[in-house]
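Sequence lines, in order, name chains A and B.
Every number in the numbering used here is 16 more than the matching position in the first sequence, counting from 1.
Every number in the numbering used here is 16 more than the matching position in the second sequence, counting from 1.
Some hints here could point you the wrong way.
Given that identical chains are not distinguished, each listed pair holds provided it fits within a single copy or across any two copies.
Think about it this way: if two alpha-carbon atoms lie no more than 20 Å apart in a straight line, the pair counts; the simulated EDC-like pairs of lysine to aspartate or glutamate are [what the hints assert, rightly or not]: (1) Lys517 with Glu19; (2) Lys526 with Glu279; (3) Lys523 with Glu30; (4) Lys526 with Glu30; (5) Lys668 with Asp52.
In case anyone wonders, no lab produced these hints; they're calculated from the structure.
Number of protein chains: 2
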Amino acid sequence: MAEYVVARNIYSEEKFNEEHEKIYRQRKTLISHVKDYFRCDRRRLRSAALSLLPVISWLKIYRVKEWLFSDIVSGVSTGLVAVLQGLAYCLLASLPPWYGLFSAFFPVIIYFFLGTSRHISVGPFPVLCLMIGSVVTRIVPDEGPPMNITGFEGLTRDDQRVLVASSVSFLAGIMQLAMGVFQVGFVVMYLSDTLVSGFTTAAAIHILVSQLKFVLGLTVPGISGPLALIYTLEIIFNKITSTNVCDVVISLVIMVVVFIVKELNDRYKAKLPVPIPIEVIMTVIACGVSYGFDFKTKYGIDIVGMIPKGYEAPVAPNLEIFQETAVEAFPMAIVGFAVAFSVAKVYSVKHDYTIDGNQELIAFGVSNIFGSSFKSFAASTALSRSAVQESTGGKTQIAGLLSTIIVMVVTVAIGFLLEPLPKSVLGAVVIVNLKGMLMQVREVPYLWRRDKPDCVVWIGTCVASVLLGLDLGLAAGLGIELISVVLRTQFPRCSVLANIKGTDIYKDKKDYLDTFEPEGVKIFRIPAPLFFANIEFFRNKLVESLGFNPLRVLRKRNKALRVIRRMLMRGQLKYTPKGYVNMSCEPYLEDKDLEGEDSAEELDWPTDLKELPIRVDWSTELPVNMNVPRVDLHSLVLDFAAVSFLDVSALKGLKTTLKELIRIEVEVYIVACDPYILDKLHSCGFFNDEITPSIFFLTLHDAMLNILEHHPEAIQRRPHFDKVVTTVTAHHPNNAVRSRDRNGMEPETRF
Amino acid sequence: MAEYVVARNIYSEEKFNEEHEKIYRQRKTLISHVKDYFRCDRRRLRSAALSLLPVISWLKIYRVKEWLFSDIVSGVSTGLVAVLQGLAYCLLASLPPWYGLFSAFFPVIIYFFLGTSRHISVGPFPVLCLMIGSVVTRIVPDEGPPMNITGFEGLTRDDQRVLVASSVSFLAGIMQLAMGVFQVGFVVMYLSDTLVSGFTTAAAIHILVSQLKFVLGLTVPGISGPLALIYTLEIIFNKITSTNVCDVVISLVIMVVVFIVKELNDRYKAKLPVPIPIEVIMTVIACGVSYGFDFKTKYGIDIVGMIPKGYEAPVAPNLEIFQETAVEAFPMAIVGFAVAFSVAKVYSVKHDYTIDGNQELIAFGVSNIFGSSFKSFAASTALSRSAVQESTGGKTQIAGLLSTIIVMVVTVAIGFLLEPLPKSVLGAVVIVNLKGMLMQVREVPYLWRRDKPDCVVWIGTCVASVLLGLDLGLAAGLGIELISVVLRTQFPRCSVLANIKGTDIYKDKKDYLDTFEPEGVKIFRIPAPLFFANIEFFRNKLVESLGFNPLRVLRKRNKALRVIRRMLMRGQLKYTPKGYVNMSCEPYLEDKDLEGEDSAEELDWPTDLKELPIRVDWSTELPVNMNVPRVDLHSLVLDFAAVSFLDVSALKGLKTTLKELIRIEVEVYIVACDPYILDKLHSCGFFNDEITPSIFFLTLHDAMLNILEHHPEAIQRRPHFDKVVTTVTAHHPNNAVRSRDRNGMEPETRF
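Bound conformation, chain A alone:
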């Protein structure tokens, strides 16, 4: 069994750097970083061009023989799903269904050229559609006049809505593009898994409620804003008696069948070559049945209705709508990208290629800008559709491109076949697909057991998103999440450490029995970064564990000094070789004359002992009858190992604390400080005559040995102490190691 044996000098940071030469590393300045970033040579240009058009890289390695067939199969399957989802998700966006076909067409084409993911299926994403829907119904409500916007004149309600949807998509696209160009894609990291899970669960609830009207065959106006969900449920509840039974029956049948087949698909995944496209099958059947039995006229069922053939002329976005919707477009840009990126990441890991966050932002930005010019709305990816594209064998975005052909065929040729499709079928399909999102609720008890703050973030985000709406809810969730980070470090569990006898190890003295704490030495561990939110807490905890407030002690001492000086002058006090002797018999009372002079600044000065004939020993009885708290501490060690950063508030607070302690003659040592923090302290003018860099030591044990060397009395008073002493008296290493047995000689003999 090996042992841990070390013999070396005691290192303060200064001493260590004297002995061990440090390599001078030129740190890049901000400007040189920027210069580097904009540096331009042929190689960089080429790689920039390549990274801007990822299609070049992967088309070069495209294996036609092996991949093309898979891509075709995948493209066709994805295309069918895309058509169905395009129609269905349009209902979420409160737009006529065929615009969803545009959304499954235009953005995909651009993404083919610019995207770095080879497996995601770009197009409508239900959460995003719902967010667009809430903007649309706010600006062009179902009842009452639309918002007063120039450009709305002469347009039908649906046209106005399409204009709103495409404008807000355009704006979201610009935002994504800007984020991509400025390389700030890292902001999506703030959307932690927990936050996204809570948010999408809330979105699923919103989607569920928004589809209820189609499933029940009711007319419910779209409501937006906080508490919209509650109001919508209220309206549905009030109208529940006018439910269209036929709609309910169709929906239930569709839901049950699709649900069961999906479960079977899941269970026999390994055995099935391709999952059964049950949604597409059911839709086709429903279309046929609806047409055959003329559901619309016979049962008053709401159907998809006329789907115009072909594409519409491009439209310019409306600047007034930009102004109105800027606040809502931002969360759309973020959510759309974040979801697509996280799905893309899963596939990129699975198939072993890299995706580039900033390039993805550019790809989605341009896709949305281009798409919305042709009246499509903001695109992202739907998890279910991407799963189809990948699981049916899609290898590259060729599959995506092929899926657009299916969509195009429907748009330009056979769209009329879908006209008799009941909207309740679409609603039912949407609802069945919510299962996965709603099941995320199961994470809550799991999170609660693991990590309470994370659980609070989940619940907070979910509740806020349900009640306030998705955009405000996302903002609230982000706020809660950021606060949770701060809260984790706001009340650090500071502890007083003590040496584990016979080792160089220091642990919380409350946790272990065989610990040793030299007299007059305190080791205080700060287990968190120090910043504005916890610097006061740290100071309070420190004062608490010290048992006295340094500033108070300092002030009391200064006041006592002034009294002593005055009494000396008046002859009430004399000094003898034994110390001060009080000549007056009256006890000292608060001196009224002194009151006025007590300016706060003066009281904070270091105790000035120059004018006095002999030094006042604060640890003995004072000659005057004043109550100055006794300080039994001569050294304080602050363990900075876990202090990963300091901000300006912490810097100030730390400096004040150190100053106060040093002025009442407590030596302070800081150990295990991060080199970058030390550099920062130097550059910030942290050090002065009182606080010098010599207080920094490499390890706790180094500092402790240094203290014990200067304060041998700290251990002399404890005759039963044995092992640590060996480490400080070890001028002769052999001797030190030999005395390692537990019943070594008494420490007194060695000092």
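Use these hints to put chain B onto chain A, whose structure you have.
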């Protein structure tokens, strides 16, 4: 010179806890905390009662002889300033001036009983007044009809405004009271010094602009909402030709005189018994001159005008206004309290008594609820007025109580004397008092040098508050501040450490020359907590410094294994005692048949070697022509010393990383882990068959010694290595220490 000599066992966390008995500490559960909090006995009841009425504690120790005279002097001076400021700050709130007198009266009385600070002067605070003003002008604009609120019928415009102001103050009071009762006063810690400085600077700019109209004698409608400042300046600029010259002259004279005398006050602070109350003097003079020369009719100057005698009947707050202003009342509650608390803290430190944040919240909450019922508006403290109260000798809130008598005298008796006072005089007084707040701009270059993120917070808060208005600006500032905390840890400077020769110290290997890195061992330091925002960054950095991606290696290995197995079955591969021999001449090509089987899950499994006749040695040439990246690493040490917390995302990410590494046969060690994090890992089910608690070691050197014991080859290849070896071979400590000289024996001899 003492040395650092240690000889002990190598400690993994497990081994350490075997040898050193841990004291079992029962941690309080959340429920017992709550129970404790609501526990009720006589002592607690008494102290609760006392802490709810702090007046009892300090009145008991009131020294009538010594303190009463000071309090009277202070009370009178403060009262005069309070009257003047009450009138002036009312202009900020867009209310008739005399309501400011109410605000300097009612809240002070309640604070006398409930407040814990003895030195602050409670009453109107300019920033708060301005925030109220922006609500008031939003709901009851200068031009056009007021908002449609029941309760406004039959009221004059001013009455409506007073109702709005008192309702919003009432609401802010309720919020403060609630925060106090629920003991969440710690939230003000989020308002860091930097944030408050940026915010108050922006407030000063708003105040300056809002007073311009009085100083210039213009009629400018109050504008609220984002960019209000710009629009106001635009209007003022357009109307600049109709400036009232007389107003400008009066203002300039007042400003110059007050400014100079204040500077003198400051300079001769030590010599003056009481600062010269120049504002009061100038106001009295201005009143007299205005009355004597009849400024109002002769020069068309806007004067204070009729001040009704006495108090008005109490008014109930309006619930509709509550709804309208809830979002704005919250920042008021926060800002009002935060400013008062920070001022109170300064004086409590100076005069050595404690203040209680939550009790202060209760005090201000009740003060505002009570005050606003009598048509006063939200109270906090003005720095300048508190300075007057303290510097003129105020010892307790008796001074505050006396100041209310002065205010009351003005209200009920001599208010009419102030009627001829020009509003421009009040405006000038307000502007002069902004100096301190505006001078905070000087912090910017200071902050930029010290800490860039803090500087960004300052500028961000200030710009947002100027442009968006104070409430939105505060929210934006808070957001920026919270993000700055996350940003500080989002891109941690991870580093690869190496041993400093001959010591147990590990430093960044790029920083020092005389370092030693055993072969196949990597030490990776994470200098920040791990959480959702940086776990991906950490994983990327780790992969970068490892030089290979563990998951990719694992998959390649599994694929290669499958090929080997298949070739063995087909007889293309034979195994000989020397290893596998490839019998087929064709090079290996991507096997199409294998493609389909590559389910992602399977590829992630640990490489299964059981079925193979002999183990595949991944570090040598493979028998098949496949490219599996070579891994030269056998051990990875993660330095967790600075990891102060882990969230669920980090837990997952860390677990995945460890799993991947362990599966490609890299041993992972985690060292210097915080005991609380270790506890958490245990309770979260972090450990399984692959990841065991035995990977945790106390220090880096312990882990390194353990590695070197199991991998002696790691140092054998380096004959020039001397000192570290002493520490691992030290089965005989004497021997180890004896060989400390730099030219010790060659390591080979000892293994």
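task: Check each numbered hint against the structure and report the violated ones by number, ascending.
output: 2 and 5
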